[in-house]
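Asks: Residue-level listing of the chains:
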Amino acid sequence: MDRIAFDIAHLLAGGLLLVSFMMIYQDRMFSLLRVFAFHAVVLSLSVAWQAYNQNAPHLYITAAIALIFKAIIIPGALRRIVLQLDIHREVENVVGIGVTMLAGIGLSALSIVLMLRVTNTADAFAREDMAFALSVVLLGLLMMVTRRNAVSQIVGFMSLENGMILAAAGAKGMPLVVEISVAFSVLVAFIVIGVFLFRIRERFDSVDVNVMDRHRGDQR
Amino acid sequence: MSAVDFTLLIAAALLALGPTAIFIRRLSWAATFIYASAIVMCGLFALIGLAGLAGYGIGSSQVLPLGLPWIGANFHFDALTAFFMVILGIGGGAISLYAVGYGRHEHAPMRVLPFYPAFLGAMAMVLLAADAFTFLLSWEVMSLLSWALVLTHHQEEDTRKAAYVYLLMAGFGTMSLLLAFGLLAGPDGAYGFAAMRGVTRTPVMAAVILVLMLLGAGSKAGLAPLHVWLPLAHPAAPSHVSALMSGVMTKIALYGFIRVVFDLLGPSAWWASPAVILLGAVTAVLGILLAMMERDLKRALAYSTIENIGVIFAALGLTMAFRANGMTAAAALAFTAALFHIFNHMAFKSLLFMGAGSVLNATGLRDLDGLGGLIHRMPVTSFLVLVGAMAISALPPLNGFASEWLLFQAVLLSPQIPQAGLQLMIPAAGGLLALAAALAAAAFVRIYGVGFLGRARSDAARCAVEVDRFSLAAMGLLAALCVLVGVLPGIVIDAISPVVEAILAGRLPDQGQDAWFTIIPIAEARSSYNGLLVMVFVALSASLAAWAVHRYASRQLRRAPAWDCGFPNADPITQYSSGGFAQPLRRVLGVNLLGARETVVMPLPGDRSPARLTVEVGDPVWGRIYAPIAATVSTVSTKMNRLQFLTIRRYLSLVFLLLIFLLLGLMIWI
Numbered sequence: 001m002d003r004i005a006f007d008i009a010h011l012l013a014g015g016l017l018l019v020s021f022m023m024i025y026q027d028r029m030f031s032l033l034r035v036f037a038f039h040a041v042v043l044s045l046s047v048a049w050q051a052y053n054q055n056a057p058h059l060y061i062t063a064a065i066a067l068i069f070k071a072i073i074i075p076g077a078l079r080r081i082v083l084q085l086d087i088h089r090e091v092e093n094v095v096g097i098g099v100t101m102l103a104g105i106g107l108s109a110l111s112i113v114l115m116l117r118v119t120n121t122a123d124a125f126a127r128e129d130m131a132f133a134l135s136v137v138l139l140g141l142l143m144m145v146t147r148r149n150a151v152s153q154i155v156g157f158m159s160l161e162n163g164m165i166l167a168a169a170g171a172k173g174m175p176l177v178v179e180i181s182v183a184f185s186v187l188v189a190f191i192v193i194g195v196f197l198f199r200i201r202e203r204f205d206s207v208d209v210n211v212m213d214r215h216r217g218d219q220r
Numbered sequence: 001m002s003a004v005d006f007t008l009l010i011a012a013a014l015l016a017l018g019p020t021a022i023f024i025r026r027l028s029w030a031a032t033f034i035y036a037s038a039i040v041m042c043g044l045f046a047l048i049g050l051a052g053l054a055g056y057g058i059g060s061s062q063v064l065p066l067g068l069p070w071i072g073a074n075f076h077f078d079a080l081t082a083f084f085m086v087i088l089g090i091g092g093g094a095i096s097l098y099a100v101g102y103g104r105h106e107h108a109p110m111r112v113l114p115f116y117p118a119f120l121g122a123m124a125m126v127l128l129a130a131d132a133f134t135f136l137l138s139w140e141v142m143s144l145l146s147w148a149l150v151l152t153h154h155q156e157e158d159t160r161k162a163a164y165v166y167l168l169m170a171g172f173g174t175m176s177l178l179l180a181f182g183l184l185a186g187p188d189g190a191y192g193f194a195a196m197r198g199v200t201r202t203p204v205m206a207a208v209i210l211v212l213m214l215l216g217a218g219s220k221a222g223l224a225p226l227h228v229w230l231p232l233a234h235p236a237a238p239s240h241v242s243a244l245m246s247g248v249m250t251k252i253a254l255y256g257f258i259r260v261v262f263d264l265l266g267p268s269a270w271w272a273s274p275a276v277i278l279l280g281a282v283t284a285v286l287g288i289l290l291a292m293m294e295r296d297l298k299r300a301l302a303y304s305t306i307e308n309i310g311v312i313f314a315a316l317g318l319t320m321a322f323r324a325n326g327m328t329a330a331a332a333l334a335f336t337a338a339l340f341h342i343f344n345h346m347a348f349k350s351l352l353f354m355g356a357g358s359v360l361n362a363t364g365l366r367d368l369d370g371l372g373g374l375i376h377r378m379p380v381t382s383f384l385v386l387v388g389a390m391a392i393s394a395l396p397p398l399n400g401f402a403s404e405w406l407l408f409q410a411v412l413l414s415p416q417i418p419q420a421g422l423q424l425m426i427p428a429a430g431g432l433l434a435l436a437a438a439l440a441a442a443a444f445v446r447i448y449g450v451g452f453l454g455r456a457r458s459d460a461a462r463c464a465v466e467v468d469r470f471s472l473a474a475m476g477l478l479a480a481l482c483v484l485v486g487v488l489p490g491i492v493i494d495a496i497s498p499v500v501e502a503i504l505a506g507r508l509p510d511q512g513q514d515a516w517f518t519i520i521p522i523a524e525a526r527s528s529y530n531g532l533l534v535m536v537f538v539a540l541s542a543s544l545a546a547w548a549v550h551r552y553a554s555r556q557l558r559r560a561p562a563w564d565c566g567f568p569n570a571d572p573i574t575q576y577s578s579g580g581f582a583q584p585l586r587r588v589l590g591v592n593l594l595g596a597r598e599t600v601v602m603p604l605p606g607d608r609s610p611a612r613l614t615v616e617v618g619d620p621v622w623g624r625i626y627a628p629i630a631a632t633v634s635t636v637s638t639k640m641n642r643l644q645f646l647t648i649r650r651y652l653s654l655v656f657l658l659l660i661f662l663l664l665g666l667m668i669w670i
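Protein sequence lines, in the order shown, are assigned to chains V and A.
Take the first sequence: its position 167, counted from the start at 1, is 167 in the working numbering, and no numbers get skipped.
Take the second sequence: its position 630, counted from the start at 1, is 630 in the working numbering, and no numbers get skipped.
A hint or two may mislead.
Claimed, not checked - Residues from chain A that face chain V, not an exhaustive set, calculated with beta carbons under 10 Å:
| hint | residue |
| --- | --- |
| 1 | 559 |
| 2 | 652 |
| 3 | 653 |
| 4 | 655 |
| 5 | 656 |
| 6 | 657 |
| 7 | 660 |
| 8 | 663 |
| 9 | 666 |
| 10 | 667 |
| 11 | 670 |
To be verified - Anything over 12 Å on all C-beta distances counts as not near chain A; from chain V, calculated:
| hint | residue |
| --- | --- |
| 12 | 2 |
| 13 | 15 |
| 14 | 22 |
| 15 | 26 |
| 16 | 51 |
| 17 | 55 |
| 18 | 68 |
| 19 | 69 |
| 20 | 86 |
| 21 | 126 |
| 22 | 157 |
| 23 | 189 |
Because the hints were derived from the structure by calculation, they are not lab data.
Quick reminder that beta carbons are idealized off the backbone N, C-alpha and C, glycines included.
For reference, chain A alone in the conformation it holds in the complex:
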C-alpha cells in the first residue's frame, strides 16, 4: 500500500469518525474514544509525513473515479505534502490529547465531537488533493467544518457574529481560489495539478493568479487586511479548536499558497515579490500591535497568529524575490526559514492556546485584567506557557529564535539582488519584521506578566486549580518540542531540505556534518548559530546565579507586605493592568497606526464621582476598509430595493433595454 493510499484511508477514517460520533453519543466514553482515535490517526499522519521527508513513499499518486468527469479525484503525496502532514500530525495529535482532558468540561460535547475529527480529515484531504476540484472541495469542507466548530457556543451573540464574519470571509476566499484555479487551468481546462505545471503563462497572468491566491489563501491564513475574521473566530471556538485553527488550519492555508505560487505557478517576475514581502511585514506589525493592546487572552493570541503569518509571508516573498533572480541558495534559505517558522508556529501557538484554554477552564476568565498570580495556583501550566511565550518571543535557545534568525540571514542577503527597488525595500521590510519581533516579546511579557505573575485580581483567579494530566501532557509535549527543535535546529533544517529541493531545485548546505549541532546557512565566515551552546550557557549561568544567590543570601524565607512603602493594604488592582502595561506603546505607535484615543473625564471640583480614563483602540482595518464596503453595499441595496416593486411591464422594459444595450455593446465591440 503506497503512502498516498494509506494517508487517504486515514483521512477517510477521520471523516467517517464524525458521523460515528453521532451514533455513539449516548455512551459515556464517546468523547474519549473520538479524541483517542484522533490521536492515533494524527500520530500516523506524523509518521507518514516523517517517512515521506526521509524519502519513503514520495511521488505516489492515486486517482479515484469521483469528482470532475474525465479527470477524477487526483491525490498525490510529495515532499511538500509530507512536511505539512507532519505539521498536521503533530499539531492535531497534541491538540487531540489535550482535548481528551479539556473536552470533559465542554457543556455540549456533541456540538464539537462530530465536526472535530472530520475537520482533521478534511485538512489532510486538502494536503493530498492533486486537482483543482478535489482541492477546492476539501478546502470548502474544511472551512465549513471549522465554521461549525466556531459556532459551538452559539448562545453567545459575539460567537454568532464571529461565525458570520468567518463564513463571509471564507466564502470570499474560496471564490478567489476558484478564480485562481480557473486561470491556472488555462483555456484547455488543465484541472489536474500535473497538467497545470505544464501550462505556460504570461507574467501578467501569473501576477493576477498571485493576487487571487493572496486573497484566497491569505484570507484563510489571516493576511492583513483580510485578517478581520481571525481575532473574532479563533477565540470564540472552544480552546482546543482555537488551537487547531490557529496552530494548524492557518498552516493548511499557507500550504495552499505555497502549492500554487511556488509549485504550480513556477518562478514569477521579480516585481511580483515586493507586494508579498510588504504585505507580510505590515501584517506582522499590525497583528502584534493589536495583540499588545488586547485585553482578551485568546484574542491577543489570535492577533499574535496574524503577526506570525505576516512573518511567514514575508519569508515567502523573499523566496520569490531571490528565486526570480536565480539566487537559488538565498531562495532556499528564505524558504527554509518560512517552512521552519511554519513548524515552530504550529508548536508554540498550539501550546499557548492550550494554556489559554487551561486558564479559561480553571478560572472561567479570558480577560487578562481578571487574572494574575496563576503561577502559584497552576505552576505546571504557568511553566509550560512560559516556554511557549519565550519561544514565540524568539528568545534563544528556543525554536522561535532559530527560524527568525534564518529569516534575518535571508534579509541580510538582499544587497546581492540586482534590482535597486528590492535592494531598498527588503531592508525596510526587515526593519518592520525586527520591530514586530521586538513588539512580540513586549506583548508576551505583558500577557505573561499580567496573567500569570503578580497577585490574583479576582476570586476566580485566586481559587484556580491546576488542570488535568492529559492537558498538561499535551502542553508538555509541545513545550519539549519547542526546546528540542530550538536546541537542535540543524536536524529540522535537514529534514525540511527535501521539500526545498523539490520546489526550488536547491537547498541549504547539509547541517548534519557540522560539529556540535551548529547551523551554518551560508558560510561559516558569515554567520553561524549553535542552539546547544546557548542552551548550555544559559543553563550554566543561571545555575551559577542561583547558587550564588542561595549561597550568599539569607536562608530564611521572609514574607513581607508588598508595596508597603507608604502604601499599606495595597489592593491587587493597584498592580499593572494589561491596559496600563500597553500604554507607552499605545501612545507611541497606537495613536498614529491604530487611531487609539484616550479621553480623561475629570469631575468638577466638589463633584464626588470618580475620574474616568477611557481608551478606544481597535483594528483600523474595520473602520477604513470594511465599514465603507458595508456602507456601500447597504446604500446600493437600499436603492436597488425599489426594483422589487416595479410593474410587470417595467420589468419587461428593463429586460428589453438591457438586451438592446448588450446588443449595441456587441456591435461596437466587434
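Next comes chain V alone, as it looks inside the complex:
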C-alpha cells in the first residue's frame, strides 16, 4: 500500500510538472488558459491524494479550493478578459519555444538535484513533492519572464502559486488557516490584476507590457 501511495503521489506531482511544460509552449491565449485549468485539476488531485495519505481532512478543502477557483473560476474569468480585450489571436513569446523548453528542462534538473540533496533527512513523500514543487515554481517564473502579454504573465504567476500549494501540501502540519489565507490572497491578487488590466487597456489600448514601458514618464 505504502509503495503504491508513494508511486501515485509521485505520478501526480510529476504530472503537474509535465503540465507546466505544456504551458510553456502554448502560444495561443485560449489553449494556454485550457492548459492552466488542467494544471489546477492535476494540483487538486495531488493535494487530495496527500490529504488521503496524511489523513488530513483539511487538505481536502485546499484541494476543493484549487479545483473551484483555479480550475473553473479564474480560467473562466481570464477567458472573458481575453475576449473582451480581443487579444486571443496574439502570439507573444519573447524567446523561441525551443530555447524556453531547454531552459525549463535545465531548471527542473537544477531543482530536483538541489532538493534531493538538501532534504535528504525528510521523508520520501515530502522530498518528491518539494522537488517537483520547486520545478513548478521555477517554470512559472520562467513563463512570467518569457511572456510579453500581461494575461499570460498572470497565468505564469498563478502556476507559480500552484507549485507553492503543492509544496505546502507535501509538508505535513501546515495549518488550514494559512492555506485559506493563501487562497484568498491569490484571489485578491487576481481581482486586482484583472481590474488593472482593464484600466491599462483603457489607457494604452494594449496589454502588451512593452507598450506600457514606452509610456512611462521616466523612460530613458
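Model the placement of chain A on the given structure of chain V, informed by the hints.
Replies: Structure of chain A alone, referenced to chain V:
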C-alpha cells in the same frame, strides 16, 4: 532603595526633564530651572558613584519588564559603572553650572533645553544597562540627542554638514556595536551581560568582536581614522554642549569599550593588543598635530580630545597585552593609568571648552588670529584656562602629569613581556606617546600664547569683558579639581582600585599608607612621584623668584612701546600668528604626515599687489580614506541608477536570475 534603583530614578527624571522644558518654555526661569535641576541630579550621580567606589550599593541590579521579551531591561550597578557615574556626575554637574550663566546668551534656548537634560539621562542609562538591547537603545538615544544638540545653530551651513557627518558616523558605530553584541551573545542568544560573560569564544571570534568594538566605540570616542566627525561636531555645538560631548560623552564611549572588551569578553590573545596600542599611539600623534595646525580655538580643543582618546586607548591596549601574559600588577598599572586619564581628561577638557565658550561669549570669535591680550580683559578666565592648559600639557604638579606618568611607568614594564614583537613595539608606541605629550605642550603654549597673551588682534578682543560668575564658578571648580587631583594622586588611585580589582582581579599597592601622599606604583626602589612635594617646590621657588625680582628690581612701573627697536608703531598683527607659531612643526612633521603645503605667490617687479603665502593643511584621513569611499559610493550609485529604469519584464528576469544564481550557489555549497 538600592543604588541601581536610585540611579535609574534620577536618569528617568533627567529624561523626563526634556519634555518638561517644552511645557515651561514661556517662563522666564525655565533655563535656570532646567540647568539647576541638572546640577542637582548630576551631583547625586557623583555622590552615588563615589559611594559605589567606597563599596556601597555595588552589585545591585534591577530588571524592568521592558525591552526584549523574556529578557527585559536589565540594569546593574558595579564598580565600573560607579566610576563612570563619578565622571558623568562631576563633568555634567560642572558643565550644567556653567550653562546657568552661558545658556543666557543662547539665541534660541529652546533648541538646547529639551535635549540637554535628556542627553545626561541617556548617558546614565548607557552606564546602567546590563543587556545588549538596553545598552544599544540607550546608546542610540544618547547619539541622537547629542546630534540634535549639535544642530542647535542649524542656520549655519557648516553646522548642518557637521551634524550630517556625525549622524553617518554614529549610525556606522551603532551598526558595528549591534554586530559585536550579536557575536557576543553567541548562537544561544545570551543577550544579558551576565549570560555573555559565561559564553566561551574562540580567539578569532574574540578578535572579530574586538575589531567591531574598536569601530563602534572607537568611532564615538574619536579613534583615528574614525575621528573625522569629532572636530566638526564638537565645535559646532554650543560651548557647554561641546564640553559635555568632549569631556563626558567620549568617556561614555570608552566605558562601552571597557565594558565589552575587558569585562564581557575576558582576557584576549596577546596578538590582539598591538593593534589597540598602535591605533591609540597613532591617534594621539595625529590628533595633536592637527590641533597644532588649527586656527579655530574650539576645533583645536576637539583635536586635542582625539589625542587624549588615543593616549587612553594606548593605555587600554597595554592593559590587554599585560593581561594576556598574566602580568596582573602591570595590567593593573596600565588600567589605572587609563581610568585616571579618563577622569583627568573629563576635568581639564571640560574646563578648556568652557574657557573657549567664555572667550566666544566675550568676543564672538573662535579664530585664534582674532584674539590676543585676553589676560588683561578677562583675568580670571585666563588664569583658569591656564590651569587647564597646564594640566592637559601634563605639567607637574597638575593632574595630567600624574596619569601620563603612570602610563609611562607601564610602558617601561614592557621588557618583561615574553613576546619579542610586543617588546619591540611597545617602546616604539611609547615614543609616539611621548612625542604626542610634547606636542600637546607646544599646542597649548600656542593656544594660550596667541589667544590670551600679547595684544588684542581685533576690536572684539580689545573690548572683551569678564564672563558671569556662574561660568567662573564652574571653571574654578574644575581647575581646583585639576590641582587637587594632581597634588594628591594617591587618593584617586586608591579610589579607582575597586574598579581595577573587579575587572583584572588585581590592583596597585595601597597608596594611602605612603608618607606625604607619595605614589609608588610598583616598588619604591623603582619609581615614585610626590605631587605635593613638586607643588611645594614650585610654590617656594616661584615665591623666591618673585621676592627677588621685587626686592632688587626697580619699583617703578614703566610702560614703554613694545618692539620699538627700529620698528615704531607696531601693529598687533605683527605679533606671532597662530599659523606662524605652528610653522616650524608644520614644516618638520606636517609635510610628510599631514601633506601640508605652502605656496608663496610673489608679485612681479613693478607689480604693487602684495605677496601671498598660502598654507594648505588638513586632516589627511579625509583625502586618503573618506574621499575614495565617497567616490566609490557615488560611482556605484550612478551605475546602479540605471536599474531604476528597467522594464517590468527585465525586473522579473533579474529576480529570476538571482534566484537561479542563489540556487546554484546552494547546490555547489552543500
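Asks: Using the nearest Cβ pair, does residue 655 (chain A) come within less than 10 Å of chain V?
Replies: This hint holds: residue 655 (chain A) lies near chain V, its Cβ roughly 8 Å from the closest one there, short of 10 Å.
Asks: Using 10 Å as the Cβ threshold, decide whether residue 559 (chain A) counts as touching chain V.
Replies: Hint on residue 559 (chain A): violated, closest Cβ of chain V at ~76 Å, above 10 Å.
Asks: Tell me if residue 652 (chain A) is really an interface residue toward chain V, meaning its C-beta lies closer than 10 Å to one of theirs.
Replies: holds, 5 Å
Asks: The output says residue 15 (chain V) does not contact chain A. Does that hold with a beta carbon cutoff of 12 Å?
Replies: Fine: 23 Å to the nearest Cβ keeps residue 15 (chain V) off the interface.
Asks: Could you check if residue 660 (chain A) really has its C-beta closer than 10 Å to a C-beta on chain V?
Replies: OK, holds: residue 660 (chain A) within 10 Å of chain V, min 7 Å.
Asks: Does the nearest C-beta of chain V fall within a distance shorter than 10 Å of the C-beta of residue 657 (chain A)?
Replies: holds, 9 Å
Asks: Holds or violated: residue 670 (chain A) as interface residue toward chain V, Cβ cutoff 10 Å?
Replies: holds, 5 Å
Asks: Under 10 Å is the threshold here; is the Cβ of residue 667 (chain A) close enough to any Cβ of chain V for the hint to stand?
Replies: holds, 5 Å
Asks: When you look at the beta carbon of residue 26 (chain V), is every beta carbon of chain A farther off than 12 Å?
Replies: holds, 18 Å
Asks: Are residue 666 (chain A) and chain V close enough, Cβ to Cβ, to be under 10 Å, as the hint says?
Replies: Since chain V brings a Cβ to about 6 Å from residue 666 (chain A), closer than 10 Å, the hint holds.
Asks: Minimum Cβ distance from residue 656 (chain A) to chain V below 10 Å?
Replies: holds, 5 Å
Asks: Take the shortest C-beta to C-beta distance between residue 663 (chain A) and chain V; is it under 10 Å?
Replies: holds, 6 Å
Going through the hint list in order, the structure does not satisfy hints 1, 22.
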